[in-house]
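S.K.: Single-letter residue listing:
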Amino acid sequence: MSDLIIYEQDLADNPTARIPVCLVLDTSGSMEGDPINELNKGVTMFMNEILKDEITRYSTEISVVTFGGTVNKVLDFGNIDNQQIPIFSASGGTPTGEAVETSIEMLNDRKNEYQKAGVDYYQPWMVLMTDAQPTDNIENAVVQVCNLIENRKLTIFPIGIGEAADMDVLARFSPKRSPMKLQGLKFKEFFEWLSQSVSIVSQSIPGEKIELDTEGLKGWADLEI
Amino acid sequence: MNNLPSLAKNYRIFIDTSSLMEPSAESFLLGTLIKQLEKNKNKIIVPFKVLKELQGLVKSNDPIKKFNARKGYSIFLKLEKLNCAIKMGEKGDGYVDNLFQVIFTKFRTKYKLCLITQDVGLAFDILDLNKSRSAEFNKSGKRIIKDIKAIKINGKDSCEEFSTQKKKPSIPKKGTVIKKTSAKPFKKSIKNIDITKSKVLATSITPDTNDIVITQQGVRLKLKEKIASGGEGIIYSVTNTEVCKIYKKEKVDELRIQKLKLMTSNQISYPRICWPKSIVYNINREPVGYLMNKADGNELQRTVFLPQLLKIHLSKWEKNDLVNVCIGILHKIIKLHQCNVVMGDINPMNILVTPNSDTFFVDTDSYQVEQYPCPVGQVNFTAPEIQGKNFKTFLRTVENENFAIATLLFMILLPGKPPYSHQGGTSPSANIKKRKFTYPFSYIDEKGNSVRDFNYEAPVGPWRLIWSNFPHFVQKAFYNTFKKGKRYTAHEWLDMMKNFKWYLGKKFTSNEIFPTEFKKVNDSTKQKYKKGD
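If you read the sequences in order, they're chains S and C.
With the working numbering, the residue at position 8 of the first sequence is 8, and numbering never jumps.
With the working numbering, the residue at position 334 of the second sequence is 559, and numbering never jumps.
The shape of chain S in the complex, shown without the other chains:
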């Protein structure tokens, strides 16, 4: 209950326009070992970077959905000051479709909460990271994501990890831009770039067209066109 009060208080007291970012992360069995360790380090660094700058700290809201066997809402949206940095372990199959649908639901709920409180917000970002083929049906998730993107209500960053990542499947989630492939296990570099990009957006004002620094991506990712 006390959590709930802090939560609502922040929506009321903090006038800054929010940018909701949902990390949808593959924690299936194939991520076991170095990949999951690097992912943990990357997410920890990301959250610390966001905390470091006053502007991103009060504008960026992070949620995390994992999919490894089951789909879990590991972290719900809220002010980062009140959030615990999650640690993941790897196991099970790859229910990508269900994870993406869960993420969309969380993003929509959060947008409704912003509207109810009268808080300005930027259209949300979804970061989808996976190293394998989905083990569930993704059709519904693909349609939902594509609709949101067409209506400019979502920005998605699909990221393939390792050789087994199915880039064709990731491409279906991203009608406007090619998915990216992470070189090696450079999670840290990716999350560094993500926090810089969030910072660029949060220093502009909602609705403005943002030029993201995709140049920064070229150092580590193959842009498969």
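By construction, these hints were calculated from the structure, which means they are not laboratory data.
Note that the coordinates shown come from a computational prediction; the quantities given were computed from them, not determined experimentally.
Treat the hints with care, as some may be off.
Said to hold, decoys possible - Straight-line alpha carbon distances no greater than 20 Å define the calculated EDC-like cross-link-like pairs of lysine to aspartate or glutamate that follow:
#1 C:Lys284 to S:Glu189
#2 C:Lys312 to C:Glu251
#3 C:Lys701 to C:Glu624
#4 C:Lys284 to S:Glu49
#5 C:Lys291 to S:Asp76
#6 C:Lys296 to S:Glu189
Said to hold, decoys possible - Using C-beta positions, here's what the derived DEER-type ranges look like:
#7 C:Gly314 to S:Gln133: 51 to 61 Å
#8 C:Lys290 to S:Gln133: 37 to 47 Å
#9 C:Ala427 to S:Asp136: 53 to 63 Å
#10 S:Glu150 to C:His556: 42 to 52 Å
Backbone N, C-alpha and C fix where the C-beta goes; we use that ideal spot for every residue, glycine too.
Place chain C on chain S using the hints.
M.R.: Below, chain C alone, put in the same frame as chain S:
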């Protein structure tokens, strides 16, 4: 250049950081030059300092610098592996530019020397060592300096020799006194110049910490530490009272420099407006930025506009301090408007505030003067009639600006909250266009009827309490601006803010920034209200 074989045969060849980081370095060094080196069993000498510098730049925040530094380092490794490069150096090697001068001075009588560099200034300094009087001839009149050359990589597989015959671009002589006169109003323009077609100027070197820049008066200044960086460039400290903004390469365009020339030729000297005092040039006499007075304080966005931090860092502040901030800002805007300058991009990142509630205007180079539009702006401070327009393509009016002023004052007094935030709101741009202003207001209309404009859509939180505690004339001005489309001038706002200050002094209304209860309406106020305040 056709004497490359002779260079590779007869010269000790050095390379500096700028050339290793040059995008075409790899193809020139590993393609063209290496063949000549192998043939002559010669090696490029790379000072240890240069490698150190590359390693440092690999950690740069600038992705391009980072990339080029990493690449430069790998080029060295490849050359070294092929026996065509050697690293040399000693403990205590000084700053790298100076290092080459020291080395070249030391060895110029022993070897023919060549430096590969992209840095024109360094190249000329090195070439000057060809004709140093003390060492040029020996007693019998024989020339003892062997020969010094400097070349730059200028394409995929070619290079170019620096020649001392080349003229350096001229700049005004040092010590030219610029007459200090008070600023005349700028001309009023109706038609803007098309800045979208402005040509980017070639910049050979973007100065960084420790580099020299030269003012329009020919004064040489050394860039010290970085103070801030943004989308357009980096601010460096230069003296105790002055700083330089150095633009990113791609931001240096013809019309930007023309506009700066206009601005520096008619300087608005007003306390705490950091107006451009002089264009600054790099050592190759190319314009790279401008000089201005140093500002103090932090951005409004990071102080007043984040209530959570306002309560901690400026914990002693009261409403009165916020009103002082408004008054200080309005005085400056009035001065600018008197000189026909429109700020254009009014926003909380280019106004700094100190704990004594002094305010500084920075990024003044974007202001709209004469036919030069202000190319940028933020949605929240953009009037409904110009929402969505490309700021580069038209001149803003003072009316447009008066909307931005009202928004800024609103967001100072309701710390950080935009006037059009409301329950069920969509994007700020859409809210502004439909003028959806939700704070309640009671007034008497022209027919003498009492009107109470009230809804339940104002944002949740302390905002309605703050609003409730405003004097009626402040509410009225905001209501008329945001709901009725009226525009008040900076002068009119200044009068209102001065009255507000007087009100607060008389304790007619709460002096708390975040009052905890609604305003109590006493009888005398009611009486006054009936008379039609």
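S.K.: All hints, please: hold or fail.
M.R.: Okay, the hints, checked on the actual structure:
At roughly 12 Å between alpha-carbon atoms, Lys284 (chain C) and Glu189 (chain S) fall within 20 Å of each other, so this suggested pair holds. A C-alpha spacing of about 18 Å is found between Lys312 (chain C) and Glu251 (chain C), which places the hinted pair at or below 20 Å, so the restraint holds. For the hint linking Lys701 (chain C) to Glu624 (chain C), the alpha-carbon distance of about 18 Å falls within 20 Å, and the restraint holds. A distance of roughly 16 Å separates the Cα atoms of Lys284 (chain C) and Glu49 (chain S); the hinted pair therefore holds under the 20 Å criterion.
A distance of roughly 36 Å separates the Cα atoms of Lys291 (chain C) and Asp76 (chain S); the hinted pair therefore is violated under the 20 Å criterion. The suggested pairing of Lys296 (chain C) with Glu189 (chain S) holds, with an alpha-carbon distance near 18 Å, which does not exceed 20 Å. Hint check: Gly314 (chain C) to Gln133 (chain S), Cβ distance near 53 Å, so the stated range 51 to 61 Å holds. For Lys290 (chain C) and Gln133 (chain S), the Cβ-Cβ distance of about 39 Å falls inside the hinted range of 37 to 47 Å, so the restraint holds.
A hinted range of 53 to 63 Å for the beta carbons of Ala427 (chain C) and Asp136 (chain S) is consistent with their spacing of about 56 Å. Range check, Glu150 (chain S) to His556 (chain C): Cβ separation about 49 Å, and the 42 to 52 Å hint holds.
In summary, the structure is inconsistent with hint 5 from the numbered list given earlier, while agreeing with all the others.
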